[in-house]
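Below are the chains, spelled out letter by letter.
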Amino acid sequence: MRKARTGWLLLAPSLIILFLVGILPFIYVLYVGFFDWNLFSRDRGMTFTGINNYRTLVFDELFLNALGVTIAFTAVAVISQLIIGFLLAQLLLRDFPGKALFRTIHTIPLMIAPLAIGAIWRLLTIPGFGPVPFVLDNWFGFDYNIGTSATHAFVTIVLMDIWHWTPFVTLTMLAGLSSLPQEPREAALVDGANRWQIFRFITLPLMRPVVLTVLFIRIMDALRTVDEINMLTNGGGPGTATRTIGIHIFRVVFPQTDYGYGSAMSLLTLYFTIVACWLLFVSLTNVRRTAGS
Amino acid sequence: MKITPRKVLSYGFTYLCWIVVTIITILPVWWMFVVSARSRVELFDNPTLFIETFHTENYTEVLNDPTFREYMWNSIIISTSNALLVTVLALLATYALSRYKLVGSDNIFFTTLTQRMAPPAAFLLPLFLMFTQVFSFGEGRGRWDLYDTHIGLILLYCIFNLPFAIWLLKGMIDGIPPELDEAAYVDGATTFGVLWRIILPLAAPGLAVTLILSWVFAWNEYLLAATLTAFDARTITTGLAEFVTVTGTNWGEMAAVAMLTLIPSLIVVAFAQRYIVRGLTFGAVKD
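Residue numbers (the numbering used here), protein chains in the order written: chain A, 1 to 293; chain B, 294 to 580.
Be a bit skeptical, because a hint or two may be false.
[To be verified] Just a few of them, taken from the derived set where beta-carbon distance is under 8 angstroms, the chain B residues facing chain A:
#1 L302
#2 Y304
#3 T307
#4 T318
#5 F347
#6 N543
Because the hints were derived from the structure by calculation, they are not lab data. Note that CB positions come from ideal geometry on N, CA and C, so glycine has one too.
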């Protein structure tokens with residue numbers, strides 16, 4: 001008979017590595033967060049300050065601004081992707097010649113390095129170089145400049161994220177839609193339901209678990225976006241218009257070597273994400289349960 | 294099938310939509326390719342979609358640069374080692390999770406998911422402190438720490454790749470009937486014998502997909518590489534980011550580097566397209 005000990009032995013290497021690089025740093029940072037520790041300050045040692053770091057954090061305008069940008073970006077981008085992706089998935093439901101090719105090309109953005117995506121979009125939108133400002137200016141007389149306009153920059157990062165992640169929504173929705181049971185639909189057709197009614201009262205409720213799964217994964221991913229925005233707007237410019245929380249930590253907090261304060265911020269960011277993750281996960285499992293019963 | 298005007302219209306609409314989507318997907322990448330093929334003289338010409346003459350100077354310039362070659366080499370070493378390590382560890386771990394009744398194994402499974410979902414930016418400072426303060430030995434010139442080493446990044450990329458690999462492989466290992474390994478145990482095989490002779494051949498396609506996708510994720514990573522390396526272990530993505538800050542306006546070379554960065558991704562899309570979605574949803578949605 002196989003013993004549980006062998007099982008733990010097989011699992012051990014993975015657990016040890018995940019503990020060392022994934023969990024231990026946060027236990028350490030929980031400790032550092034209670035200290036005043038800055039390599040550039042006069043006394044370079046650690047001074048215990050209790051929850052002072054957290055108290056400053058709550059009134060830190062840059063931090064709150066970054067939090068606001070992150071939430072706005074996530075909300076607009078994810079909702080747009082969900083709508084566009086769902087519509088595109090509907091268009092892929094039936095078979096037509098060339099479908100496989102369209103699908104394959106649609107998958108490309110998912111695998112490109114986020115940083116390269118930032119580079120691609122930067123080349124598209126640099127004022128005086130890229131085709132987007134060129135076309136908008138020459139054909140429509142619209143002055144588009146992501147270097148100076150906060151609105152233009154924000155719209156551009158949202159569009160970039162839609163370009164990057166809509167394929168994920170499309171393909172997942174497609175997988176969900178094509179595995180839906182056919183009987184309820186056919187029964188409704190027999191009863192004389194029209195297309196809208198079928199969509200509203202049959203497809204949508206049946207798709208709820210899939211939609212929520214996609215929503216969950218997309219929100220988590222959008223909250224962590226750093227690379228492509230950092231590359232596109234050169235660190236969240238103009239000003240702080242596109243500076244998400246990740247960019248704020250990466251470009252502002254990290255170089256300041258204010259370890260105690262930075263630790264507190266990292267921990268709070270993780271905490272927000274875990275709470276969001278948990279709330280979404282609970283709603284997800286609840287829906288799964290009601291859908292299953 | 295009868296061809297009715299209504300059918301023509303609806304298929305036409307589908308094609309129209311997909312052609313537009315395909316153009317939107319390809320055009321930005323194509324424009325970057327156009328920029329990478331321009332000479333320094335034509336760089337600031339008006340945007341066009343056509344390459345009149347393909348100038349290789351941006352590519353040769355970059356590929357002859359010793360720093361960039363080192364970055365690329367580092368990326369290859371780190372991604373390959375990480376992908377191999379992750380696949381082997383994940384195979385062992387999923388086999389344990391799949392075949393042994395372990396106390397709390399469901400919780401372990403879920404915890405790995407939250408690790409994958411955690412924001413990497415929150416890891417920067419903790420990991421930097423760990424690498425420079427905790428995992429460091431010796432003083433002065435003999436000092437050694439994980440900061441700016443290949444091993445450091447290879448281990449780090451396990452944060453997101455290991456949970457991913459475990460989730461991807463779990464379904465595949467679960468799909469192999471346990472009776473097969475029971476029979477081998479009866480014949481006196483050891484655990485590793487079973488893994489080697491029964492699980493490995495049967496899970497080979499899944500392992501290949503895990504290996505390839507992990508490789509790409511490691512290759513694409515930027516944030517951790519940018520903060521936890523300085524000179525010796527810089528990767529190709531950090532090289533791409535450096536282009537913007539150091540040489541400001543040389544968009545041609547930057548485009549060439551970005552093209553080189555995304556070639557592996559294009560190859561993977563061509564071969565593993567079917568598994569990408571399943572992998573990204575952690576098997577939550579079957580394709």
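Each hint, compared with the structure:
1. Look at L302 of chain B: its Cβ only gets to about 14 angstroms from chain A, farther than 8 angstroms, so that hint breaks.
2. Against a cut-off of 8 angstroms between C-beta atoms, the interface hint on Y304 of chain B holds, since the closest Cβ of chain A lies about 6 angstroms away.
3. Among the interface hints, the one on T307 of chain B holds; its C-beta lies about 5 angstroms from the nearest C-beta in chain A, closer than the 8 angstroms criterion.
4. Given the 8 angstroms rule on beta carbons, the hint for T318 of chain B holds: about 6 angstroms separates it from the nearest Cβ of chain A.
5. At its closest, the beta carbon of F347 of chain B sits 17 angstroms from a beta carbon of chain A; the interface hint therefore is violated under the 8 angstroms criterion.
6. For N543 of chain B, the shortest C-beta to C-beta distance to chain A is roughly 12 angstroms, which exceeds 8 angstroms, and the interface hint is violated.
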